[in-house]
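**Q** Chains as they are written, first to last, in the numbering used here: chain A, 609 to 815; chain B, 763 to 1043.
Because the hints were derived from the structure by calculation, they are not lab data. Note that CB positions come from ideal geometry on N, CA and C, so glycine has one too. One or more hints might be untrue.
One-sided and incomplete, this derived list gives chain B residues near chain A with beta-carbon spacing under 7 Å [claimed, not checked]:
#  : residue
1  : I781
2  : Q812
3  : L813
4  : N815
5  : L820
6  : F822
7  : V823
8  : D825
9  : V828
10 : E830
11 : R953
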Amino acid sequence: MSETLLDIAMQHADSLIINAQLGDGKAFNKLVSLWYKRIYNFGFKYFGEHDLAMEITQKTFISVHRNISSLREIESFKAWLYRIALNHCHDEDRRIKRKKVIPLFDTEGGIEKEANNLASNNIVDAPDGRLHQKELSAIVVKYLNQLSEEQREIVIMKEYEGLKFREIADILAISENTAKSRLYYGLKAMKKYFVKANVSLESYSYE
Amino acid sequence: MFHLNHTAMNEQPKKEQIIDYLLGLLSKEDHAFFEEYLKNDPSLAVEVQQLANTRKLLSFVDDEEVIEPPIYRFLDQDTYNRRFPQVVWVVASIAASICLLMLVGYLTKFNAGYQDNRLQLGFGQSEQQQVTRAEMEQLLTNFKSNTEKDWGMAFASMKNEITTDFDASLTQQQVKIDDLAKGGNEISDDRVEFFIKQMSLENRKSINNFYETSTKQQEEYLRSLMLQFYDYLNQQREEDLMLVEANLLRLKSDNDEKQELTNQVLARIISTVNEQTSLGQ
């Protein structure tokens, strides 16, 4: 990922963090401006839904506002922010799962079977047989939702949020090796879905 | 970053090493070594290529655009959410109490007014305020007819006394006239004149007595009438005040009961909201 001016600005937001810790409302607002879209997209890829993503984002920044004064190391702000966002994602995930109806008869491998069915559908149905960016985005988000929680969060944090393995390990309280291992399996699972759905680089149309 | 074991060429690279290679985290030396290994392991090479393609496909997904909420709204939302419940519940309870009082006032037809430099409160329609002039006249007529029954005997007694006085006076005068007539020619003009004067005086005295008695009786009658009417009005006023007091006490009791119930409901709602808020965090 090439660095944008925004990325550079975010990297040098130390003064904003310090001022926000001291109660400077404007500084905090600027921090929100810098990170809002990132956290929203993190939530969106995690759940694949706009409303849930908005809710997660709102809750994340409310938590940040309440607890920013307790942040000890300014350098770890990014990891700290994503940890808060991830915790809210987990909470929301648990709440959603509690609402789901438990089937009377347990179908073994039901979820995996459903994922395989989903992946096996040939999604490339454009007239020219090529996928477009929006279609690919929708497919990716859908498949990300099929990954296990561990694999999903690693893939999102590494492939989309640009977090270092050290930061990911810190957020998830795991070793860097474990983080890399989970990414490996996550990428393998996504490859499997793409193959079954006949989605490939060749079928993608550059626009 | 992993350092590949260059001596252990037979060992398949670990998953973490594959990831390091894909993400370009290997050192220059390790990278070259890994690529050399891939040349000798076609299946691994295919797998690594597929993973690379997968990453490429993932990278084509752009960020979703999102409209950031107004900053001032966001920043105040936290404080607002914490203060909002208390402010809302206080305002809501005040508004609910006012609505409740208005409803009770409407149902009990509560009315208040300022008359004759006095604040007047009442429930329902006041008979006293609604009595018309015609009704008042009828009321007085009824009073009069009622009191006349009591005074009828007194009037009859007074009439008998007056009649008795007159009869006695006439009898005396008749005796004198008879005496005068028996005297025949020997009665002088002076004597006749004296007799007439005496008769006149006695008649006047009788009439005066009659008028005085009559006036006194009438005054007594009117006085009694007014006093009884006054007592009636007082009695009505006391009954109205007792009614007002009873209604006020009942209203107070109902209001206290409803306030207690409202407080219980609000307390339950507040504790539920706080519980949900803390769970959401």
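**Q** With 7 Å as the cut and Cβ atoms as the points, is B/V828 at the interface with chain A?
**A** Check passed: Cβ of B/V828 comes within 4 Å of chain A, closer than 7 Å.
**Q** With a cut-off of 7 Å on the beta carbons, see whether B/R953 makes it to chain A.
**A** At 132 Å from the nearest chain A Cβ, B/R953 fails the 7 Å test, so the hint is violated.
**Q** Any CB of chain A closer than 7 Å to the CB of B/N815?
**A** holds, 5 Å
**Q** Would you settle whether the hint for B/I781 is holds or violated, based on the nearest Cβ-Cβ distance to chain A being less than 7 Å?
**A** Result: holds, 4 Å to nearest chain A Cβ.
**Q** Does B/F822 hold up as a contact with chain A if the rule is Cβ-Cβ below 7 Å?
**A** It holds, given that the least Cβ distance between B/F822 and chain A is near 6 Å, below 7 Å.
**Q** Hint check: is the beta carbon of B/L820 less than 7 Å from a beta carbon of chain A?
**A** holds, 5 Å
**Q** Quick check on the hint: B/E830 CB to chain A CB, less than 7 Å?
**A** holds, 5 Å
**Q** Was the hint right that B/Q812 lines chain A, CB cutoff 7 Å?
**A** For B/Q812, the interface hint holds, since the closest Cβ of chain A sits about 5 Å away, which is under 7 Å.
**Q** Let's test the interface hint: is any C-beta of chain A closer than 7 Å to that of B/L813?
**A** Where the cut-off is 7 Å and the nearest Cβ of chain A is about 5 Å from B/L813, the hint holds.
**Q** Can the hint on B/D825 be confirmed by a CB-to-CB distance to chain A that is less than 7 Å?
**A** At 5 Å from the nearest chain A Cβ, B/D825 passes the 7 Å test, so the hint holds.
**Q** Would the hint on B/V823 be counted as holding, given a Cβ-Cβ threshold of 7 Å to chain A?
**A** holds, 5 Å
Taken one by one, the earlier hints fail for this structure only at number 11.
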